[in-house]
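My request is simple: use the sequences and hints to build the entire structure.
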Amino acid sequence: MLIRLIDIKKSYSLPKVTIDVLRGINLEVSGGEFVAIMGRSGSGKSTLLNVIGCLDRLTSGSYFFMDIDVSLKTDNELAELRNRQIGFVFQNFNLLPRLNAWKNVEIPLIYSGVSAKERKGLSMEMLERVGLLDRADHKPSELSGGEQQRVAIARALVNRPVIVLADEPTGNLDTRSNHEIMDIFGKLNKEGVTIIIVTHEEDIASKTQRTITIKDGVCFSGCY
Amino acid sequence: MDVIETISIARDSLLSNRMRSLLTMLGVIIGVAAVIMLVSIGEGARKYIQKELGELGSNILVVVPGKTAKEGGMHMGTSAVRKLLYSDALLIEKRSSNVLHAVPVIVGTSWIKHAGKSRDTYVVGVNEDYFDIRNLKIAVGRGINTSDVDSSRRVCVLGTTVKDEVLGEANPLGASVTIGDSKYRVIGVMQKKGVALGFDIDDVVFIPTTTSKELFDTDRLFNITIKIKSPDVILDAKKDIKDILIKKHANKEDFTILSQDEMIAVMGKILNIMTSVLAGIAAISLIVGGIGIMNIMLVSVRERTREIGIRKALGAKNRDILFQFLVEAVTLSILGGICGTIVGGSLSLIIPYFIEFLPTELVWWAIILSFFFSAAVGVFFGVYPARKASLLHPIVALRYE
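Residue numbers (the numbering used here), protein chains in the order written: chain A, 1 to 224; chain B, 1 to 401.
Since the hints were derived computationally from the structure, they do not count as laboratory data. Some clues are possibly wrong.
Cross-link-like lysine-lysine pairs, in silico, BS3-like; alpha carbons within 27 Å at most [unchecked claim]:
| id | chain 1 | residue 1 | chain 2 | residue 2 |
| --- | --- | --- | --- | --- |
| 1 | A | Lys103 | B | Lys388 |
| 2 | B | Lys94 | B | Lys193 |
| 3 | B | Lys229 | B | Lys239 |
| 4 | B | Lys388 | A | Lys73 |
This is the structure:
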């Protein structure tokens, strides 16, 4: 099993109140799945994705990623895990504005210690896969939203992760770009990459194999 | 993550904010330049004084009337409690085997006149040994000799300033000048020596001591200038002189023996302290520059909170982020240090051409010290912002607007 969440809870302590965002979720995702997580805003679906992506720690419960108990890992070990096994795609792309496309793509490789020469080759290869080789030297501000998101996907894939986590990846895009992005995810999944997409669009969810619905921090459906 | 990558990230980020980086560096540049310049000026002054005093002869002791509390102090004129007499000098030369020459020096001021021109100047009574002891060279004619002294001849040796003012272009040798009420024959002109320690050595007239006794009608000496046999006997010579004079002055120590080498040492010490104090003050400005770096790094961390979040999400460890910002701070301070060294160094070299009385001496240790100090400032003031950046929670950083 790639991902196994057992009764996970996550709460944020604010000065006056404590907000329980996740209130006991049990979830399993196996390798090669294409999953959508749905839910209204504030339902906790993004928090769930952050937990799965080892960006955030649990308040209680256990999380096994590739049969590793994540709670036992140090921050540095989690950074390494994210670097090598997990690719992130964000709603607002989160590219570094000062860097051009291929320099953005190579960032994960920098942190996994790949030499500068190899980095450029691998980055270009990834840009080719998302069809943006001719845009390699453009800065994010010179690219359309769809192109920026494809650069972000190339960046997520460059270290050949086992799983790609996408948080509303099409939320800021037009319909045509939507299709492009979903096509890329579909192809990736066929190549064996596990993909989890957080979305609130039925349209997007319908293109995945399985839909998990989160309501008020608990699983409403799809969590087996 | 390798060092080259870290440095290149720092470079990119500094270049993307050129103006800000430059202004931040300016603090360090000014600090380093100030340290180097002030140390150079201090060192220059020390060398200058050593040279000037060295030119006034070596192995010299000067006995002045009156007791001063400290050794090696400056002698400020003839406010003697008791006279130092002509015979004292003769006795010292006769009795002490460590003394080569003891010259009784009488100093007064008088008008010197020739063909309607006149000048009020110092008249110094010395004997034949004085010129050698003080390294004074005769340019034209001869100096004062033994028989001039023995027979109190009315002869004089002019400093160049006096010669120019009173005689002009006329042939000085054999010219007759009036000093006080009497006529003197000019037997020589000094070589130009210039101003040493604020005193114009060329603005004097030398006459035989014996003659000056008559001119000023006094037995009282300005000082006794003593040449000792070698630097090794300085303490013995001092003891001899002390014993001889105390005995002669009815067991009272009413004089002070100054040693020129001690004076040089003391002044050197004073100048060293001064230089350190000035460099210390300049170093404070370097610290202020460091605070500037810290300030701008804190701004930079805040501005790039999202970037930090993205990098962490993509696998940057806390260490990577820490180094990235630390290297940025240190790059700022080291670049500032290099620029400051160039600015301070060039200014130190240029200053003497514009301000004549300010000699400078570029000191390598000041350059190395301020360079390393600036690097240390970068590390010291860079750690806090860098640590702050490295400890940011990835989610919090990613959500930062």
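Structure-based check of all given hints:
{"no.": "1", "hint": "A:Lys103 / B:Lys388", "in the structure": "25 Å, holds"}
{"no.": "2", "hint": "B:Lys94 / B:Lys193", "in the structure": "32 Å, violated"}
{"no.": "3", "hint": "B:Lys229 / B:Lys239", "in the structure": "14 Å, holds"}
{"no.": "4", "hint": "B:Lys388 / A:Lys73", "in the structure": "22 Å, holds"}
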